[in-house]
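Protein chains: 4
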Amino acid sequence: MASRFDGLRALYLNGTLTPSPAASHTDTLIEASAHVLREQGVEVDVVRLVDHRVAPGVQPDMTEHGAERDDWPQIWQRVAAADILVLAGPIWLGDNSSQTRLAIERLYAHSGELNDKGQAVFYGKVGGALIGGNEDGLKHCTGVILHALQHLGVTIPPNAEAGWIGEAGPGPSYGDELDDGSRAGFDNDFTQKNITFMAWNLMHMAAILRDVGGIPAEGNLPEEWQQGSRWGFQNPEYR
Amino acid sequence: MASRFDGLRALYLNGTLTPSPAASHTDTLIEASAHVLREQGVEVDVVRLVDHRVAPGVQPDMTEHGAERDDWPQIWQRVAAADILVLAGPIWLGDNSSQTRLAIERLYAHSGELNDKGQAVFYGKVGGALIGGNEDGLKHCTGVILHALQHLGVTIPPNAEAGWIGEAGPGPSYGDELDDGSRAGFDNDFTQKNITFMAWNLMHMAAILRDVGGIPAEGNLPEEWQQGSRWGFQNPEYR
Amino acid sequence: MASRFDGLRALYLNGTLTPSPAASHTDTLIEASAHVLREQGVEVDVVRLVDHRVAPGVQPDMTEHGAERDDWPQIWQRVAAADILVLAGPIWLGDNSSQTRLAIERLYAHSGELNDKGQAVFYGKVGGALIGGNEDGLKHCTGVILHALQHLGVTIPPNAEAGWIGEAGPGPSYGDELDDGSRAGFDNDFTQKNITFMAWNLMHMAAILRDVGGIPAEGNLPEEWQQGSRWGFQNPEYR
Amino acid sequence: MASRFDGLRALYLNGTLTPSPAASHTDTLIEASAHVLREQGVEVDVVRLVDHRVAPGVQPDMTEHGAERDDWPQIWQRVAAADILVLAGPIWLGDNSSQTRLAIERLYAHSGELNDKGQAVFYGKVGGALIGGNEDGLKHCTGVILHALQHLGVTIPPNAEAGWIGEAGPGPSYGDELDDGSRAGFDNDFTQKNITFMAWNLMHMAAILRDVGGIPAEGNLPEEWQQGSRWGFQNPEYR
Chain A
173 MASRFDGLRA
183 LYLNGTLTPS
193 PAASHTDTLI
203 EASAHVLREQ
213 GVEVDVVRLV
223 DHRVAPGVQP
233 DMTEHGAERD
243 DWPQIWQRVA
253 AADILVLAGP
263 IWLGDNSSQT
273 RLAIERLYAH
283 SGELNDKGQA
293 VFYGKVGGAL
303 IGGNEDGLKH
313 CTGVILHALQ
323 HLGVTIPPNA
333 EAGWIGEAGP
343 GPSYGDELDD
353 GSRAGFDNDF
363 TQKNITFMAW
373 NLMHMAAILR
383 DVGGIPAEGN
393 LPEEWQQGSR
403 WGFQNPEYR
Chain B
173 MASRFDGLRA
183 LYLNGTLTPS
193 PAASHTDTLI
203 EASAHVLREQ
213 GVEVDVVRLV
223 DHRVAPGVQP
233 DMTEHGAERD
243 DWPQIWQRVA
253 AADILVLAGP
263 IWLGDNSSQT
273 RLAIERLYAH
283 SGELNDKGQA
293 VFYGKVGGAL
303 IGGNEDGLKH
313 CTGVILHALQ
323 HLGVTIPPNA
333 EAGWIGEAGP
343 GPSYGDELDD
353 GSRAGFDNDF
363 TQKNITFMAW
373 NLMHMAAILR
383 DVGGIPAEGN
393 LPEEWQQGSR
403 WGFQNPEYR
Chain C
173 MASRFDGLRA
183 LYLNGTLTPS
193 PAASHTDTLI
203 EASAHVLREQ
213 GVEVDVVRLV
223 DHRVAPGVQP
233 DMTEHGAERD
243 DWPQIWQRVA
253 AADILVLAGP
263 IWLGDNSSQT
273 RLAIERLYAH
283 SGELNDKGQA
293 VFYGKVGGAL
303 IGGNEDGLKH
313 CTGVILHALQ
323 HLGVTIPPNA
333 EAGWIGEAGP
343 GPSYGDELDD
353 GSRAGFDNDF
363 TQKNITFMAW
373 NLMHMAAILR
383 DVGGIPAEGN
393 LPEEWQQGSR
403 WGFQNPEYR
Chain D
173 MASRFDGLRA
183 LYLNGTLTPS
193 PAASHTDTLI
203 EASAHVLREQ
213 GVEVDVVRLV
223 DHRVAPGVQP
233 DMTEHGAERD
243 DWPQIWQRVA
253 AADILVLAGP
263 IWLGDNSSQT
273 RLAIERLYAH
283 SGELNDKGQA
293 VFYGKVGGAL
303 IGGNEDGLKH
313 CTGVILHALQ
323 HLGVTIPPNA
333 EAGWIGEAGP
343 GPSYGDELDD
353 GSRAGFDNDF
363 TQKNITFMAW
373 NLMHMAAILR
383 DVGGIPAEGN
393 LPEEWQQGSR
403 WGFQNPEYR
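Protein chains in written order, with this note's numbering: chain A, 173 to 411; chain B, 173 to 411; chain C, 173 to 411; chain D, 173 to 411.
Hints were generated in silico from the structure; no laboratory data involved. Any given hint could be a false lead.
Cβ-to-Cβ under 10 angstroms is the rule here; a few derived chain A residues that face chain C [what the hints assert, rightly or not]: (1) 176; (2) 309; (3) 342; (4) 363; (5) 366.
Calculated Cβ distances over 12 angstroms to all of chain C for the following chain D residues [stated by the list, open to error]: (6) 178; (7) 215; (8) 223; (9) 239; (10) 245; (11) 297; (12) 332; (13) 343; (14) 365; (15) 369; (16) 380; (17) 390; (18) 404.
In this text, a Cβ means the ideal position worked out from N, Cα and C, and glycines have one as well.
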């Protein structure tokens, strides 16, 4: 059956500290989210950053700046192809992981690139955040991620964050088997609902932006600004 | 001349600590932003919260919960009427002001209300953040605001933040007259550009959402979820 | 029995949005913490800010700046008398409450005042943060509070944060009666331990600073700095 | 001349993304701070994390958990030897760098280790944060760092943060040569003062803790807690 979401592509960047093939709690969250997307015909791609040699830095290709090796340029091709971009990761000491920060830094490296309309290259993409931890920090971590994404030019639809955290203190992470054989967080209605609403809103907004041809190219063109276009801006009268 | 933005309404909530008629630096930022919107036919409304008696609390009308007086219900009518909602405010010790937090708390009080499609009442609105300070904290403050807005159901377009801050340390705020007669921040190209891009992206996204009839009502309906709709959600296989 | 903590004074500022006499979850956390202090001879004072008319602003007495009424100056006397200063409060949408922000703003108003050694007036005080919510945000909220306190001149001892939050999603707050008659968070070992360690470290550090006469007055005197003292500072060689 | 700070050791962890021998703006900040310490007889050590192969993870030695190589255990010896621990780094998109997060994650890996008193192994250390960027984020980044340090058991003295950021927008970083031959940030009185006050307060507090034999071992011993010691904690009466 044709879906209005056919042909959309989503990329999840997983900022776990755990290399494959070991299980990643973040991956379990991604699976829950990606399942909703795939069922609607969205093509899903997942990159676990720690499995690659992504060089530190804020340039698109760090081998041009002294790095021996840099797998980011290949990952960037997958970012560039995505209509939907989700940053997913764990919480450590209440904040995003070093791998999630690395993802943000490398995305930021492309902030000066333009799309074919002359807007920042992230314009037209739709973004979200998916965070898991044994306790505390979901909103702070997603807030930082969503801020970074909109700063780059990604559109953030309603309820673009989801995840699971347990009660204060040490404890199981999302998907861990509990003593009674159940899985931590799997019965959490709030988590289920947020994953679902986020997934649908990402699809809705990506389909809308595809249908209307992206964000209109007026008032948001860096090169025209630099050449003097002001689109109505003027300094306020001082009072 | 007809503009595709005619009929759109924008509301700026100003979280300054300074009551009228004293000047508010945040108001100067709002003026710069609102000018771009007005020129395109958007109807602009501004509320300086501190001029009102907004009761602390997280209910829509705190007089029903013991408050002597609460001006929020009137302000809420203006929020409800807005297509574009911008939270604006100062920075104190690196964070949002108590009045900005008050605004977020009172908006949050309406998080359980639904629009006529059955979505959270904020769905269909577009939001942004406007922050000024003499130094440091713009991104943190806007990040917290934009997170709150998307959490409530507001859509965040690209580059939905703007403002001005000076170099580290005490100094003038946006619009203050400097020794040479110029105004602090008025010659800052980055500030001007961000105010402009933010204004246009707010208008673009509000017009798009008006044109397409808002966020489609599938996968994001709290009451249907509660009644058992899952829209494809299922817990992941454990691996 | 004499305790080495006899004569120390602690002040808890409660940033709940709920006026007395209604119960405040934050107050329940404060009680747990204050009990440990009182048992060791510390004199405990508690201020629920929302019960007072604290004017918005960043001056010590806002009646001198147009406010009709301002209860802060009286509260400040209680802050000034305290060896231990704890900011306590709820979490709303992942962040500190408007009343907690108000407390920080009004404390900040005194940042230019000096103690009798010529240091910022907060030098010699010891501080902590106590946060409760139904879910998520404890570390972010305490991080912001502790940052503000050290910025003002308060010393932060080890493990100066405590509180309780539940699993992701709506749910009971600290001390709420559960279906089985137990109280939410009361059986949380992590919460109990953190409250205890925080209480003791606040007392230890306050006693140490009392014993040694506070932070020595060298390298931290604003007026001497302004008059040219540099205490060894020099700009780095450029390389 | 004997100084009361003789024999104290300080370690700066530099979270720059730039490997040696290229210049690091963070290093310039570290030099400014370290100069004050060295002049008082403090032995200073600096680690630029990106020059090492520090494996991602939250265990003390990641080679025991599958990593091919991990330089952290050697760096940890230098942390363990330090009385003063400063996390320093750049700002990217308003937040700490991936290398700074890596440092925090690896420090966190040792949170279960105890000192010879039975306290967390970080007890007795004193900490601070040093942040530089071309604009915006100093307080947020230092807040996150100082929160992490106190959480681990480090004491935070007054004014334990310093750094430099420029006006909103792209621009030079600390120490960059400007058109007039001067260095960015070098004439900033606020930056100079904060570096100085922070340096002295780190030394004062480290000397105090050395003199008094560290934080007294009562009310803060994880193993005794686990064995049932409560040091006066009891759940509050419910009201």
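Would you check whether residue 309 (chain A) satisfies its interface hint, that is, whether its CB is within less than 10 angstroms of any CB in chain C?
-> Holds, because the Cβ-Cβ distance from residue 309 (chain A) to chain C comes to roughly 6 angstroms (cut-off 10 angstroms).
Test the statement that residue 332 (chain D) is away from the interface with chain C: the closest C-beta pair must be farther apart than 12 angstroms.
-> violated (5 angstroms)
Is it the case that residue 390 (chain D) keeps its Cβ farther than 12 angstroms from each residue Cβ in chain C?
-> violated (6 angstroms)
Run the C-beta distances from residue 245 (chain D) to all of chain C and say if the shortest one exceeds 12 angstroms.
-> holds (24 angstroms)
Closer than 10 angstroms between Cβ atoms is the bar; does residue 366 (chain A) clear it against chain C? Give me holds or violated.
-> holds (8 angstroms)
Reported absence of residue 178 (chain D) from the contact zone with chain C (all CB gaps over 12 angstroms) | Answer for residue 178 (chain D): holds, closest chain C Cβ roughly 15 angstroms.
Does the claim that residue 380 (chain D) lies outside the interface with chain C hold up, using a Cβ gap greater than 12 angstroms?
-> Its Cβ does come within 12 angstroms of chain C, the nearest being 6 angstroms, so this is violated.
Residue 297 (chain D): least C-beta distance to chain C exceeds 12 angstroms?
-> Given a closest Cβ separation of 9 angstroms, the condition is violated.
Consistency of the no-contact label for residue 343 (chain D), given chain C and a CB cut of 12 angstroms = About 17 angstroms separates residue 343 (chain D) from the closest Cβ of chain C, which puts it past 12 angstroms; holds.
Is the nearest CB of chain C more than 12 angstroms from the CB of residue 223 (chain D)?
-> holds (16 angstroms)
Closest CB-CB distance from residue 369 (chain D) to chain C, is it above 12 angstroms?
-> Non-interface label fails for residue 369 (chain D): nearest chain C Cβ at 5 angstroms, not farther than 12 angstroms.
Report holds or violated for the interface hint on residue 363 (chain A), using the least CB-CB distance to chain C and a cut-off of 10 angstroms.
-> Check passed: Cβ of residue 363 (chain A) comes within 6 angstroms of chain C, closer than 10 angstroms.
Hints 1, 11, 12, 14, 15, 16, 17 and 18 from the list above are not met by this structure, while the remaining hints are.
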